[in-house]
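Engineer: As a plain string of letters, each chain reads:
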Amino acid sequence: GNSVTQMEGPVTLSEEAFLTINCTYTATGYPSLFWYVQYPGEGLQLLLKATKADDKGSNKGFEATYRKETTSFHLEKGSVQVSDSAVYFCALSEVQGAQKLVFGQGTRLTINP
Amino acid sequence: GAGVSQSPSNKVTEKGKDVELRCDPISGHTALYWYRQSLGQGLEFLIYFQGNSAPDKSGLPSDRFSAERTGGSVSTLTIQRTQQEDSAVYLCASSPLRVNTGELFFGEGSRLTVL
Numbered sequence: 001g002n003s004v005t006q007m008e009g010p011v012t013l014s015e016e017a018f019l020t021i022n023c024t025y026t027a028t029g030y031p032s033l034f035w036y037v038q039y040p041g042e043g044l045q046l047l048l049k050a051t052k053a054d055d056k057g058s059n060k061g062f063e064a065t066y067r068k069e070t071t072s073f074h075l076e077k078g079s080v081q082v083s084d085s086a087v088y089f090c091a092l093s094e095v096q097g098a099q100k101l102v103f104g105q106g107t108r109l110t111i112n113p
Numbered sequence: 001g002a003g004v005s006q007s008p009s010n011k012v013t014e015k016g017k018d019v020e021l022r023c024d025p026i027s028g029h030t031a032l033y034w035y036r037q038s039l040g041q042g043l044e045f046l047i048y049f050q051g052n053s054a055p056d057k058s059g060l061p062s063d064r065f066s067a068e069r070t071g072g073s074v075s076t077l078t079i080q081r082t083q084q085e086d087s088a089v090y091l092c093a094s095s096p097l098r099v100n101t102g103e104l105f106f107g108e109g110s111r112l113t114v115l
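Note that the protein sequences, when read in sequence, are chains W and F. At position 42 of the first sequence (counting the first as 1) the number is 42 in this note's numbering, and the numbers step up by one without a gap. At position 101 of the second sequence (counting the first as 1) the number is 101 in this note's numbering, and the numbers step up by one without a gap.
Everything labelled a hint here was simulated from the structure, so no lab data went into it. Accuracy of the hints is not assured; some may be wrong.
[Stated by the list, open to error] Derived DMTMM-like pairs: lysine to aspartate or glutamate, alpha-carbon spacing no greater than 25 angstroms straight-line:
hint, chain 1, residue 1, chain 2, residue 2
1, F, K11, W, E42
2, W, K56, F, E103
3, F, K57, W, E94
4, W, K100, F, E44
5, W, K100, F, E103
6, W, K100, F, E20
7, F, K17, F, E44
Note that the structure is a prediction, hence the values are computed from the model and not measured.
For reference, chain W alone in the conformation it holds in the complex (with noise of 0.2 angstroms):
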């Protein structure tokens, strides 16, 4: 069936670091790659994603290509802050039917000033 590993944390860094959040995943067919973020004391919510491989989605600086032959859609953002301390989800949506989303078990990224 289909799956999706992220690295595990916690990811501790200092601010203004390098950030990377791996993630890979098993599909059948092609699917949609998704970051989901959850805020402290807010639900989850989209962070970025992308639909077809090569496609880099982008925001709030983060980035993440969808790279097919790796099966891996890694997050990335060049200069953290204190304000990014979250948890962040890889998600994939199934080909078959409608939008259900298979999330991996989340990394929570804490940001010291």
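Dock chain F against the given chain W, drawing on the hints supplied.
Structural biologist: Showing chain F alone in chain W's frame:
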């Protein structure tokens, strides 16, 4: 409000009791999902409603779990004879019909603690 609303935000119950969790989706969204978020786990899909179609119940972990959606809007997730392993945050999400963006709009969740 304009977002997905869930209630209660927190529920503490004794083992063996039944609980009901409510979700009020965004107006006009015909797709509704329930997920479960356990400590150290990812989001586990439970059930999906889409318009008047039969729900996809493939993620429900046991027959103690059930959900209904009345009038194509509000949904209730019911857990009968709760067990300690049912302790988790139950998340509801909605999305518009036939918009395959994959974007789900989540509520803040209902945290269930079974003693």
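Engineer: Next, verify each hint and record whether it holds.
Structural biologist: Against the structure, the hints come out as follows:
no., hint, result
1, K11(F) <-> E42(W), "18 angstroms, holds"
2, K56(W) <-> E103(F), "16 angstroms, holds"
3, K57(F) <-> E94(W), "15 angstroms, holds"
4, K100(W) <-> E44(F), "11 angstroms, holds"
5, K100(W) <-> E103(F), "10 angstroms, holds"
6, K100(W) <-> E20(F), "23 angstroms, holds"
7, K17(F) <-> E44(F), "23 angstroms, holds"
Every hint from the earlier list agrees with this structure, and none is contradicted.
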